[in-house]
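Enquirer: Each chain, letter by letter, is given below.
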Amino acid sequence: MRSMFSASLPFLLIAAHSCMVWKLVGLMFNTAYPAMVVLSESMAPAFQRGDVIVISNWAHRVEAGDIPVLWFEGHPLPMVHRAVEVLHDGKGKQLVMTKGDNNDHTDVALYPPGQTYVYRDQIIGLVRAYVPYVGWLSILSSEIPWLKQVIILGLLIVMLLQTIRKGDSHVGDSQHLRQLTILH
Amino acid sequence: MYNSLTRIQNVFGFFTTVAFVVAALIAASDFTAPRTPSATIKTTNVQVVKGRPHYYSTKKEEYAIIRFSLDADLSSLFTWNTKQLFVYVTAEWPVAPAGADNMNQTNKAVIWDAIITSPSSDHLSNLGPASLKKLRKSAAGKTIDPSRGKLSLKNQKPKYQITHPTGRIAETDDVKLHVNYNVQPWVGILTWNQAFDLGRWKKMAGGVSKAFALPALKKKDGEATAKKSR
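Chains as they are written, first to last, in my numbering: chain A, 162 to 345; chain B, 53 to 282.
Hints are computed from structural coordinates only; laboratory data are not their basis. Check each hint, because a few of them may be wrong.
[To be verified] From the structure, some residues in chain A lie toward chain B, with a derived Cβ separation under 10 Å: (1) Pro171; (2) Phe208; (3) Ala244; (4) Val245; (5) Gly253; (6) Gln255; (7) Ala290; (8) Tyr291; (9) Val292; (10) Gln323.
[Stated by the list, open to error] Stretch-level coverage of chain B by chain A, calculated; a stretch enters the list once three of its residues show a Cβ under 8 Å from a Cβ in chain A: (11) 175-187; (12) 226-236.
Idealized CB from N, CA, C, for every residue including glycine.
Okay, chain A solo, but in the shape it has when bound (with noise of 0.2 Å):
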């Protein structure tokens, strides 16, 4: 029994330190995701799927040019497009307007129904960063079904045959204390 707890130590150490260093970097960029996965193509040639890309909220202004990552409430994804127009009502508001490189319109048809610009308290943060190819393990295991199950199966069966192993050595030690004990 406490073998197998300290068998499953490791992997839950691993879960603990990554969500620890995930909510860090989220306080060093300021937002609540500072690496996110590509999922669509309307970033060609720049972004592909299954690139991530690193996420900084510390910039007030959007300027014109810049890849703001656009999440509208109740939407289950964000959307990551290039700021085409950053431009100001009379009251100081900025009024974003995005298209996607890939895309020959702007966004105006996906902003929520009556909006025309994007407003700042909407962007969740700016793309600072790329790493190619790494997303593709967290893409693959939301759309294969069975492949998250698989992975935790994977990990159950390693733990296992740790404890057996654990249990396997106990029984030799304590043979070898006894042939020691015996010879004195």
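Got chain A sorted already, so can you dock chain B onto it with the hints?
Expert: Chain B alone, transformed into the frame defined by chain A:
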């Protein structure tokens, strides 16, 4: 005690560490390559017409069509880590100061943009098979092709006609065209044109047009629809 599982774990851990360090070194190598971009841009024809945002809209808005000539040398931005270069021309004009909130704000709108891929990312561009073949041939087997960064456009029609949320853009003063770029790396941070020199990276020499004013609405008998929606 070592078994195959421990060995696999060690190898995988080492692989991850090495991959991370190599990626960090590649990203850092961006800062060692000098950048010396330069550009000259001037407007050749500016008009303001009345139009609709799209065919079925009932809103009538004013759109500015700004034709320009551009000569740019952005070849130093192409390094082994450059995936693509996004070049864009913005029209910028200051916000009329109506109150304390509006101090020092500029309206910016992109009127033209272009994506210049590096030969290493040609296969990812959105071209059909014939143009892709031509693009690949133009690189002539080189893995980095800085000559793609040299641009020369004469009386270029803008890709986008710009307007303001109020629908009025005619007779706006102090409009300037700016040439900007965004370097997309294979791995590392995305960089834009900077307003100051940073180590080996020089700020853009030139790249701003003279200030001009958007004219009054063109007087026509019929009214034109802005054909190209953005």
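Enquirer: Hint by hint, say whether it matches the structure.
Expert: Okay, the hints, checked on the actual structure:
1. The criterion of a C-beta within 10 Å of any C-beta in chain B is met by A:Pro171, whose closest approach is roughly 9 Å, and the hint holds.
2. With its C-beta approaching chain B no nearer than about 8 Å, A:Phe208 sits inside the 10 Å limit, and its interface hint holds.
3. For the restraint placing A:Ala244 at the interface with chain B, the shortest Cβ-Cβ distance is roughly 9 Å, inside the 10 Å limit, so the hint holds.
4. Interface hint status for A:Val245: upheld, as the beta-carbon distance to the closest one in chain B is roughly 4 Å, under 10 Å.
5. Because the smallest distance between the Cβ of A:Gly253 and any Cβ of chain B comes to about 3 Å, under 10 Å, the interface hint for this residue holds.
6. For A:Gln255, the suggested interface contact is upheld, since its CB lies about 8 Å from the closest CB of chain B, less than 10 Å.
7. Interface restraint check for A:Ala290: the shortest CB-CB distance to chain B comes to about 4 Å, inside 10 Å, so the restraint holds.
8. Annotation: interface hint on A:Tyr291 holds; nearest CB of chain B at approximately 6 Å, less than 10 Å.
9. Taking 10 Å as the C-beta contact cut-off toward chain B, the hint placing A:Val292 at the interface holds, the least distance being around 5 Å.
10. The restraint placing A:Gln323 at the interface with chain B holds, with a minimum CB-CB distance near 7 Å, inside the 10 Å limit.
11. Counting residues of the stretch 175-187 of chain B whose C-beta lies closer than 8 Å to any C-beta of chain A gives 3; at least three are required, and the coverage claim holds.
12. As drawn, the stretch 226-236 of chain B meets chain A at 3 residues by the rule of a beta-carbon pair under 8 Å; at three or more, the given contact holds.
The earlier numbered hints are all upheld by this structure, with none contradicted.
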